[in-house]
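In the numbering used here, the protein residues as written are 5 to 208.
These are computed hints drawn from the structure, not numbers from a lab.
What you are looking at is a predicted structure, and each value in this text was computed from that prediction instead of being measured.
Be aware that a few hints might be false.
[Said to hold, decoys possible] Straight-line Cα separation of at most 25 Å, PhoX-like style, residue types lysine-lysine; simulated pairs:
#1 Lys154 / Lys198
#2 Lys193 / Lys101
#3 Lys193 / Lys156
[Stated by the list, open to error] Ranges of calculated distance between the beta carbons of each label pair, as one might list FRET restraints:
#4 Asp92 / Asn116: 16 to 22 Å
#5 Asp199 / Ala146: 27 to 33 Å
#6 Lys41 / Ser201: 53 to 59 Å
#7 Tyr38 / Asn191: 45 to 51 Å
#8 Ala203 / Ser109: 31 to 37 Å
#9 Met42 / Val165: 51 to 57 Å
#10 Lys41 / Leu117: 52 to 58 Å
Just so you know, even glycine gets a beta-carbon here, dropped at the ideal spot from N, CA and C.
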Amino acid sequence: MIVKNIEAKIRLATYIAFGGLLTALLMDVAGMAYAYKMVSNAQRSIYILDKNIPIMATQTDIAMNRPAEYRADVDLFHSLFFSLTPDDKYIEYQIKKAMYLIDESGMQQYNNLRENGYFNSILSSSSVLTLQTDSVVLDMAARHFRYYGKLKIDRRSSTVVRSLITEGGLKDIPRSDNNPHGVLITNWKTIENKDLSDAQKTNF
5 MIVKNIEAKI
15 RLATYIAFGG
25 LLTALLMDVA
35 GMAYAYKMVS
45 NAQRSIYILD
55 KNIPIMATQT
65 DIAMNRPAEY
75 RADVDLFHSL
85 FFSLTPDDKY
95 IEYQIKKAMY
105 LIDESGMQQY
115 NNLRENGYFN
125 SILSSSSVLT
135 LQTDSVVLDM
145 AARHFRYYGK
155 LKIDRRSSTV
165 VRSLITEGGL
175 KDIPRSDNNP
185 HGVLITNWKT
195 IENKDLSDAQ
205 KTNF
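From just these sequences and the hints, can you work out the full model?
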């Protein structure tokens, strides 16, 4: 009887010791996880000095902002490429800036338009082109976009509004002054560019 009591006490002591060890391990893991989270959050905290007064700014995860940057980059490129005035220097400046945001497909489209007299017609008709973005639809998995906009062409004799739809790919590249979003548009092509309205102006 005494032997059985001793065995039971030993077994109980073993269970208690094992339970204590398991509890200690769980507490260690929880403590390390909490510490890692605190360190990660601290690394995202940036302090900016404003007149020697530290102001905390929170660093945002790049992946969270990437879709917004893709849309902004696509919008910027189309605005540079299509919003033009009858000034050859200004057109050259706009196209040069746009080419930093796109691969060779942009230059191919530019050369095609130039050969077809597109830019000369802007100069000769004193046209002012203004592009309005309707939406930029992204497929993040495929790194693909489709752009929807309306191009207003204000001539001396008329005002034309065209529907513009283009699409292309998106490639991440290092950021630079000429490409602040770090995005390169690839395989760009025009899907639709048709007149929606053509309002003649009345000349007195």
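Okay, the hints, checked on the actual structure:
1. Lys154 / Lys198: holds, 10 Å
2. Lys193 / Lys101: holds, 18 Å
3. Lys193 / Lys156: The given pair, whose Cα atoms are some 20 Å apart, holds under the 25 Å limit.
4. Asp92 / Asn116: 16 to 22 Å: holds, 18 Å
5. Asp199 / Ala146: 27 to 33 Å: holds, 31 Å
6. Lys41 / Ser201: 53 to 59 Å: holds, 57 Å
7. Tyr38 / Asn191: 45 to 51 Å: Once the Cβ atoms are compared, 47 Å apart, the range 45 to 51 Å for asparagine 191 and tyrosine 38 holds.
8. Ala203 / Ser109: 31 to 37 Å: holds, 33 Å
9. Met42 / Val165: 51 to 57 Å: holds, 56 Å
10. Lys41 / Leu117: 52 to 58 Å: Holds: the Cβ-Cβ distance is about 54 Å, inside 52 to 58 Å.
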